[in-house]
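Number of protein chains: 2
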Amino acid sequence: MSFQPPQRILMGPGPSDVHPRILSALARPTVGHLDPSFIQLMDEIKALLQFCFQTTNELTLPVSAPGSAGMETCFVNLIEPEDTIIVCQNGVFGGRMKENVIRCSATAVMVEDDWGHAIDMSKVKTAIANNPHAKALAFVHAETSTGVQSDAAALCTLAKEAGMLSIVDTVTGLAGINVDVDGWGADAVYSGTQKCLSCTPGISPVTFSPRAVEVIQQRKTPVQSWFFDLNLVMAYWGKGTKRAYHHTAPVNALYALHESLLIVKEEGLEASWERHMHNHLALRAGLAAIGLNLPVNEADRLPQLNLVAIPDGIDDAKLRSQLLTDFDLEIGAGLGVLAGKVWRIGLMGFSSKPENVRHCLTALEHCLIAQGMSIESGTAVGAAEAAYTS
Amino acid sequence: MSFQPPQRILMGPGPSDVHPRILSALARPTVGHLDPSFIQLMDEIKALLQFCFQTTNELTLPVSAPGSAGMETCFVNLIEPEDTIIVCQNGVFGGRMKENVIRCSATAVMVEDDWGHAIDMSKVKTAIANNPHAKALAFVHAETSTGVQSDAAALCTLAKEAGMLSIVDTVTGLAGINVDVDGWGADAVYSGTQKCLSCTPGISPVTFSPRAVEVIQQRKTPVQSWFFDLNLVMAYWGKGTKRAYHHTAPVNALYALHESLLIVKEEGLEASWERHMHNHLALRAGLAAIGLNLPVNEADRLPQLNLVAIPDGIDDAKLRSQLLTDFDLEIGAGLGVLAGKVWRIGLMGFSSKPENVRHCLTALEHCLIAQGMSIESGTAVGAAEAAYTS
Chain H
1 MSFQPPQRIL MGPGPSDVHP RILSALARPT VGHLDPSFIQ LMDEIKALLQ FCFQTTNELT
61 LPVSAPGSAG METCFVNLIE PEDTIIVCQN GVFGGRMKEN VIRCSATAVM VEDDWGHAID
121 MSKVKTAIAN NPHAKALAFV HAETSTGVQS DAAALCTLAK EAGMLSIVDT VTGLAGINVD
181 VDGWGADAVY SGTQKCLSCT PGISPVTFSP RAVEVIQQRK TPVQSWFFDL NLVMAYWGKG
241 TKRAYHHTAP VNALYALHES LLIVKEEGLE ASWERHMHNH LALRAGLAAI GLNLPVNEAD
301 RLPQLNLVAI PDGIDDAKLR SQLLTDFDLE IGAGLGVLAG KVWRIGLMGF SSKPENVRHC
361 LTALEHCLIA QGMSIESGTA VGAAEAAYTS
Chain U
391 MSFQPPQRIL MGPGPSDVHP RILSALARPT VGHLDPSFIQ LMDEIKALLQ FCFQTTNELT
451 LPVSAPGSAG METCFVNLIE PEDTIIVCQN GVFGGRMKEN VIRCSATAVM VEDDWGHAID
511 MSKVKTAIAN NPHAKALAFV HAETSTGVQS DAAALCTLAK EAGMLSIVDT VTGLAGINVD
571 VDGWGADAVY SGTQKCLSCT PGISPVTFSP RAVEVIQQRK TPVQSWFFDL NLVMAYWGKG
631 TKRAYHHTAP VNALYALHES LLIVKEEGLE ASWERHMHNH LALRAGLAAI GLNLPVNEAD
691 RLPQLNLVAI PDGIDDAKLR SQLLTDFDLE IGAGLGVLAG KVWRIGLMGF SSKPENVRHC
751 LTALEHCLIA QGMSIESGTA VGAAEAAYTS
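So the protein sequences, as listed, match chains H and U.
With the working numbering, letter number 37 in the first sequence gets 37, and the count goes up by one each step, no holes.
With the working numbering, letter number 19 in the second sequence gets 409, and the count goes up by one each step, no holes.
No lab work stands behind these hints: they were computed from the structure.
Check each hint, because a few of them may be wrong.
Said to hold, decoys possible - Derived Cβ-Cβ restraints for the label pairs, each shown as a range:
no.: 1; chain 1: H; residue 1: G336; chain 2: U; residue 2: E657; range: 23 to 31 Å
no.: 2; chain 1: H; residue 1: I375; chain 2: U; residue 2: A634; range: 29 to 37 Å
no.: 3; chain 1: U; residue 1: A543; chain 2: H; residue 2: P81; range: 55 to 63 Å
no.: 4; chain 1: U; residue 1: K610; chain 2: H; residue 2: E82; range: 16 to 24 Å
no.: 5; chain 1: U; residue 1: L622; chain 2: H; residue 2: H133; range: 27 to 35 Å
no.: 6; chain 1: H; residue 1: S321; chain 2: U; residue 2: E434; range: 49 to 57 Å
no.: 7; chain 1: U; residue 1: I492; chain 2: H; residue 2: G238; range: 43 to 51 Å
no.: 8; chain 1: H; residue 1: E266; chain 2: U; residue 2: N687; range: 51 to 59 Å
Said to hold, decoys possible - Lysine-lysine pairs mimicking DSS-like chemistry, simulated, CA-CA at most 30 Å apart:
no.: 9; chain 1: H; residue 1: K98; chain 2: U; residue 2: K629
no.: 10; chain 1: U; residue 1: K708; chain 2: U; residue 2: K655
no.: 11; chain 1: U; residue 1: K610; chain 2: H; residue 2: K98
no.: 12; chain 1: U; residue 1: K515; chain 2: U; residue 2: K488
no.: 13; chain 1: H; residue 1: K239; chain 2: U; residue 2: K731
no.: 14; chain 1: U; residue 1: K513; chain 2: H; residue 2: K98
no.: 15; chain 1: U; residue 1: K610; chain 2: U; residue 2: K632
no.: 16; chain 1: H; residue 1: K220; chain 2: U; residue 2: K610
no.: 17; chain 1: U; residue 1: K488; chain 2: U; residue 2: K610
no.: 18; chain 1: U; residue 1: K655; chain 2: U; residue 2: K513
no.: 19; chain 1: U; residue 1: K488; chain 2: U; residue 2: K513
no.: 20; chain 1: H; residue 1: K160; chain 2: H; residue 2: K123
no.: 21; chain 1: U; residue 1: K743; chain 2: H; residue 2: K341
no.: 22; chain 1: U; residue 1: K743; chain 2: U; residue 2: K731
no.: 23; chain 1: U; residue 1: K488; chain 2: H; residue 2: K242
no.: 24; chain 1: U; residue 1: K629; chain 2: H; residue 2: K318
no.: 25; chain 1: U; residue 1: K632; chain 2: H; residue 2: K341
no.: 26; chain 1: U; residue 1: K632; chain 2: H; residue 2: K318
no.: 27; chain 1: U; residue 1: K488; chain 2: H; residue 2: K220
no.: 28; chain 1: H; residue 1: K318; chain 2: H; residue 2: K341
As the list claims (entries may be wrong) - Partner residues are not named here, just some residues of chain U that face chain H (Cβ under 8 Å, in silico):
no.: 29; residue: P395
no.: 30; residue: S414
no.: 31; residue: A415
no.: 32; residue: G485
no.: 33; residue: E489
no.: 34; residue: G592
no.: 35; residue: W616
no.: 36; residue: V641
no.: 37; residue: A675
no.: 38; residue: A678
no.: 39; residue: G681
no.: 40; residue: N683
Glycine residues also receive a C-beta, built at the ideal position from the N, C-alpha and C atoms.
Hey, can you work out the whole structure from these sequences and the hints?
Structure, rendered in structure tokens:
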């Protein structure tokens, strides 16, 4: 029988609610991956990605697979066996970076911070001083597992001053907060479609600086992945009307990405960041009013992904299950060391809107009361409304 | 501006025409990749893939990226450095297999046949005799670059008798001709969605025998790709209701795959193969009537992908461009050594229907006459109709 999915409200760590314009774009008739109309679409996608990443990098394209594949694209193209890479870890995705380094037969020098905290610059400086020949500094700008942002501009500058490349994960950052690839001087940056771009999951936008391109072109060993080898992918995503077939592009998924990038451009980057902040502040006010705690330092919080401490005595799984069953609302569970201790409430892209803030606060309040918490109904929404009108 | 693709008729080597039911499934509301309704969908997709592959293999799943990623999934999981793999090449994709072997730091022993010919069993036997310690025999069942099928049953048997694993590319085969994974005793098989499944491009179904799973579990070195590491992917695509997050699944693309597999099941595998053969015979009759030659031996032809020799004096690029402009019809160009010498006419999945055969023959005839060939209008379609009614 055909699958008829429930109509959820997606306020987890992604996918976020997909804009109806994007779903409609997805269903348009498929054309060939070498069709002249599609080549033109590819050029538009590239230009729109450059806009979102705030870069003039020529090597800017969507990898034909989800964010983790974007990560792997960065690592396997830049790293060769025996290289040393400094990797900052303050959540799940720094750990995944380490895995990528190891699988490239290279050495990962780890700089660790507690989960839920931003990356500590002084530790990074020490690691750079102790490993002056490291090839790159890799870090997560927007940690999806903890809702923490780190200072990408400062970290890229440290890398550059040490003559190292920077590799930046901003899967959850793009279009939600300032991602300023050229301003930072970042060398390899990857993101995802299913977060603040409000697109369906499955594609990973990436961008590489001219310096990174040079490193890729001058490799001594072949890239260990054929599928992710940018030397080959560029023959398809390069310039002009002649494109060499590498792999069959996910045609309809790219219709969707194009539409999602158009929506961001129509709104404007700054307006999008402001909207994310605005809804975050209202959510925060509502949560505070019912005594829920946001454990991340205020200065380090991602407005689009809110880490919330689960109050003592509350059954995590039961609460999230009730949210889904009674309110069609998905919020995220904690990952790794934070499992069972926190929720992750996403306000990303099309999900970042007052209706969702109200719905989430009402539903959460309802379920907390059902588990015995003493809250007067309407407290959370009332506080959010006050924040919106203040 | 939103992209409004032209409405093409896709008769190249893939993507093929996408069934409207599949486009409609694509646009359904996105749910989370850990939503209970989605976990149930994943189980259904797995069972439907087992049906299409004719296998009971537990490790049967859709890789979250196109066919080339399915290929890489097979190679990087089964191969370790220093292994020797016997690779048959009779077209583009055997060459891609070789690239995969090399990038795994293993040795590829090549068995080469001319492009457009099936794999020669005697050469394979010799290669096996000369390399008794090779770990696997890799070959292409349905060569998308030449429209040739090779004897998968016999090749898998040769591998098995020599104690080697078999790795089989059937990207263009699945649902178009008999793909009998368990009957063949194949160990690792990959396909694509955008061929005879009539789905959008972007996903690669794969299946692994219990023997292959054992090899993967007993590896001495980690899989060089984190994204394609089946030890990790299985925690998400495994059994039960608890699924560990590995990467965010391409949710809507999997709605589409599910719908496409349902359509295959509703029609029935044998009926689908017969339909592909039926339309192939009509196309062949039409092409023969206007003097076009199918260079592949009759016994080795893929009914779903027809290699056609470009007649002397015909301008390839000009003709394909006119087909696209005047008839909205895409056929495939030749690849590699066959570039400029052949066309590839696909009759795959939803594209394999009498309307398309008639449209293609009419359009082709028109464009050949425009380039000065002496053909009486209607000859090709007339011959096809005669084939349909005989």
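Here is what the structure says about each hint:
| no. | hint | verdict |
| --- | --- | --- |
| 1 | G336(H) with E657(U): 23 to 31 Å | violated, 45 Å |
| 2 | I375(H) with A634(U): 29 to 37 Å | holds, 33 Å |
| 3 | A543(U) with P81(H): 55 to 63 Å | violated, 40 Å |
| 4 | K610(U) with E82(H): 16 to 24 Å | holds, 20 Å |
| 5 | L622(U) with H133(H): 27 to 35 Å | holds, 31 Å |
| 6 | S321(H) with E434(U): 49 to 57 Å | violated, 22 Å |
| 7 | I492(U) with G238(H): 43 to 51 Å | violated, 24 Å |
| 8 | E266(H) with N687(U): 51 to 59 Å | holds, 56 Å |
| 9 | K98(H) with K629(U) | holds, 28 Å |
| 10 | K708(U) with K655(U) | violated, 40 Å |
| 11 | K610(U) with K98(H) | holds, 19 Å |
| 12 | K515(U) with K488(U) | holds, 19 Å |
| 13 | K239(H) with K731(U) | holds, 26 Å |
| 14 | K513(U) with K98(H) | violated, 44 Å |
| 15 | K610(U) with K632(U) | holds, 28 Å |
| 16 | K220(H) with K610(U) | holds, 26 Å |
| 17 | K488(U) with K610(U) | holds, 22 Å |
| 18 | K655(U) with K513(U) | violated, 37 Å |
| 19 | K488(U) with K513(U) | holds, 17 Å |
| 20 | K160(H) with K123(H) | holds, 16 Å |
| 21 | K743(U) with K341(H) | violated, 57 Å |
| 22 | K743(U) with K731(U) | holds, 26 Å |
| 23 | K488(U) with K242(H) | holds, 26 Å |
| 24 | K629(U) with K318(H) | holds, 22 Å |
| 25 | K632(U) with K341(H) | holds, 18 Å |
| 26 | K632(U) with K318(H) | holds, 15 Å |
| 27 | K488(U) with K220(H) | holds, 19 Å |
| 28 | K318(H) with K341(H) | holds, 14 Å |
| 29 | P395 | holds, 5 Å |
| 30 | S414 | holds, 6 Å |
| 31 | A415 | holds, 7 Å |
| 32 | G485 | violated, 11 Å |
| 33 | E489 | holds, 5 Å |
| 34 | G592 | holds, 3 Å |
| 35 | W616 | holds, 5 Å |
| 36 | V641 | holds, 6 Å |
| 37 | A675 | violated, 26 Å |
| 38 | A678 | violated, 26 Å |
| 39 | G681 | violated, 27 Å |
| 40 | N683 | violated, 25 Å |
Of the numbered hints listed earlier, those contradicted by the structure are 1, 3, 6, 7, 10, 14, 18, 21, 32, 37, 38, 39, 40.
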